[in-house]
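Number of protein chains: 2
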Amino acid sequence: MITQNSVERFLGDLAGANPTPGGGSAAAIMGAMGAALVSMVCNVTLGKKGYEGVESEMRAVGAEAERLRARLTAMVAEDVAAFDGLMAAYRLPKGADEEKAHRAAAIQQSLKRATLVPLDCARVCAEVIALSRRASERGYLNVISDGGVGVLAAHAALRSAALNVYINTPALKDREFAEAAAAELDRLLAACGPESEAVYTLVRNKL
Amino acid sequence: MITQNSVERFLGDLAGANPTPGGGSAAAIMGAMGAALVSMVCNVTLGKKGYEGVESEMRAVGAEAERLRARLTAMVAEDVAAFDGLMAAYRLPKGADEEKAHRAAAIQQSLKRATLVPLDCARVCAEVIALSRRASERGYLNVISDGGVGVLAAHAALRSAALNVYINTPALKDREFAEAAAAELDRLLAACGPESEAVYTLVRNKL
Numbered sequence: 424m425i426t427q428n429s430v431e432r433f434l435g436d437l438a439g440a441n442p443t444p445g446g447g448s449a450a451a452i453m454g455a456m457g458a459a460l461v462s463m464v465c466n467v468t469l470g471k472k473g474y475e476g477v478e479s480e481m482r483a484v485g486a487e488a489e490r491l492r493a494r495l496t497a498m499v500a501e502d503v504a505a506f507d508g509l510m511a512a513y514r515l516p517k518g519a520d521e522e523k524a525h526r527a528a529a530i531q532q533s534l535k536r537a538t539l540v541p542l543d544c545a546r547v548c549a550e551v552i553a554l555s556r557r558a559s560e561r562g563y564l565n566v567i568s569d570g571g572v573g574v575l576a577a578h579a580a581l582r583s584a585a586l587n588v589y590i591n592t593p594a595l596k597d598r599e600f601a602e603a604a605a606a607e608l609d610r611l612l613a614a615c616g617p618e619s620e621a622v623y624t625l626v627r628n629k630l
Numbered sequence: 424m425i426t427q428n429s430v431e432r433f434l435g436d437l438a439g440a441n442p443t444p445g446g447g448s449a450a451a452i453m454g455a456m457g458a459a460l461v462s463m464v465c466n467v468t469l470g471k472k473g474y475e476g477v478e479s480e481m482r483a484v485g486a487e488a489e490r491l492r493a494r495l496t497a498m499v500a501e502d503v504a505a506f507d508g509l510m511a512a513y514r515l516p517k518g519a520d521e522e523k524a525h526r527a528a529a530i531q532q533s534l535k536r537a538t539l540v541p542l543d544c545a546r547v548c549a550e551v552i553a554l555s556r557r558a559s560e561r562g563y564l565n566v567i568s569d570g571g572v573g574v575l576a577a578h579a580a581l582r583s584a585a586l587n588v589y590i591n592t593p594a595l596k597d598r599e600f601a602e603a604a605a606a607e608l609d610r611l612l613a614a615c616g617p618e619s620e621a622v623y624t625l626v627r628n629k630l
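Protein chains in written order, with this note's numbering: chain S, 424 to 630; chain D, 424 to 630.
FYI, nobody ran anything at the bench for these hints, they're computed from the structure. Warning: the hint list may mix true and false statements.
[Said to hold, decoys possible] Just the calculated beta-carbon pair ranges, DEER-fashion: (1) S:A493 x D:K472: 37 to 47 angstroms; (2) D:A606 x S:D609: 36 to 46 angstroms; (3) S:R598 x D:K472: 40 to 50 angstroms; (4) S:A524 x D:D609: 51 to 61 angstroms; (5) D:D609 x S:D507: 37 to 47 angstroms; (6) D:A606 x S:R598: 46 to 56 angstroms; (7) D:M510 x S:A493: 27 to 37 angstroms; (8) S:S479 x D:L469: 53 to 63 angstroms.
A quick note: this is a predicted structure, and the numbers were derived from the prediction, not measured. Every residue gets a Cβ at the ideal spot worked out from N, C-alpha and C, and that includes glycine.
Build out the structure end to end from the sequences listed, making use of the hints.
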């Protein structure tokens, strides 16, 4: 059964005046929800009459979705740590020149980390979207709407992660790194937007 | 701090072979995450230098977001109950004519409930989207990406709720009810799609 209290507690943390957990954690959780729903479609399909032919495919998709879910779940804490690290760097002393240089370097290092976590989240969400197509194409018809919810969650997560990359890249002094991150993100967004809509339409037409 | 274990436990429930919690609960949670992020933007904005003029607006938006978050959080359990009720109706005996009639009536009543919960979720998500615009237009710039994540979560939630209405309406014998539900949903989707994109673009351009 659903753990109502635990969800309420997390949502309370999200709503609070503390900036963590924030949008970065929310992105990772939405991605993990997408992966979990893909898993569920696969799990429910196994053993259903008329679906014997897709059993090995559903096992493979389900196992992959579980691997991605674990990665995305771990990113919730990683995002909080990256954000808190960045805030700590900004609070470093900036009196003497040496302190200033140390602080600037710490900020740049923290900014890279705070960029890499959501970039990785975006990559993994793109993989979840690819899995949602396989689950939605061949999964048990009675739970196929869950595949549709899965792709919506994963795509919203990808775009949310993108915002968390974009908020950090302008302040990065390593422009090569910043532009490579933005370019990779643009490719992921350009590919996954139409693909997510296609999976949603595929599901919608089965209902 | 974030309650990592509670989130992991919920995601495990979602991924499992049991169809509840499923996409309907995930929709309500995504909507609640959207409302929570709107709240957070308002909460962080309060007391910030240069934002004195929007304080009463942020208080009003934040209070409204908290009201919607509570409604959406309650819908997680309501969706599970509606789905389980429908499954129970399908399992009723169908031997004698009287049993058949009783079962058919119970199924229709459960289908209505399983339609009304996600329809209400969609309505509330539309309200969250409207609030996300106000928070993103006037909230503290450093957390504005969280307003963008909020609108993405609320819009994905609305479209997810829509799938959970569409999966039930074809089996409804009360066609007037079914068509009114579908028509209301179509209006919400048509209005909220462009509005969500507009808020996302507004946020994106502030980063």
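Beta-carbon spacing of D:M510 to S:A493 - inside the hinted bounds 27 to 37 angstroms or not: holds (30 angstroms)
40 to 50 angstroms as the expected CB spacing between D:K472 and S:R598, which holds or is violated: violated (31 angstroms)
Satisfaction of the hinted span 37 to 47 angstroms by the C-beta atoms belonging to D:D609 and S:D507: The hinted range 37 to 47 angstroms holds for D:D609 and S:D507, with Cβ atoms some 44 angstroms apart.
Verdict for S:A493, D:K472 (Cβ pair) under range 37 to 47 angstroms: With a Cβ separation near 42 angstroms, S:A493 and D:K472 satisfy 37 to 47 angstroms, so the hint holds.
D:A606 versus S:R598 beta-carbon gap, inside 46 to 56 angstroms or not: holds (51 angstroms)
Range agreement (Cβ of D:L469 with Cβ of S:S479, hint 53 to 63 angstroms): holds (55 angstroms)
Satisfaction of the hinted span 51 to 61 angstroms by the C-beta atoms belonging to S:A524 and D:D609: Between S:A524 and D:D609, where Cβ atoms are some 59 angstroms apart, the hint holds.
Pairwise beta carbon distance, D:A606 to S:D609, judged against the given window 36 to 46 angstroms: holds (38 angstroms)
Of the hints listed earlier, the one the structure fails to meet is number 3.
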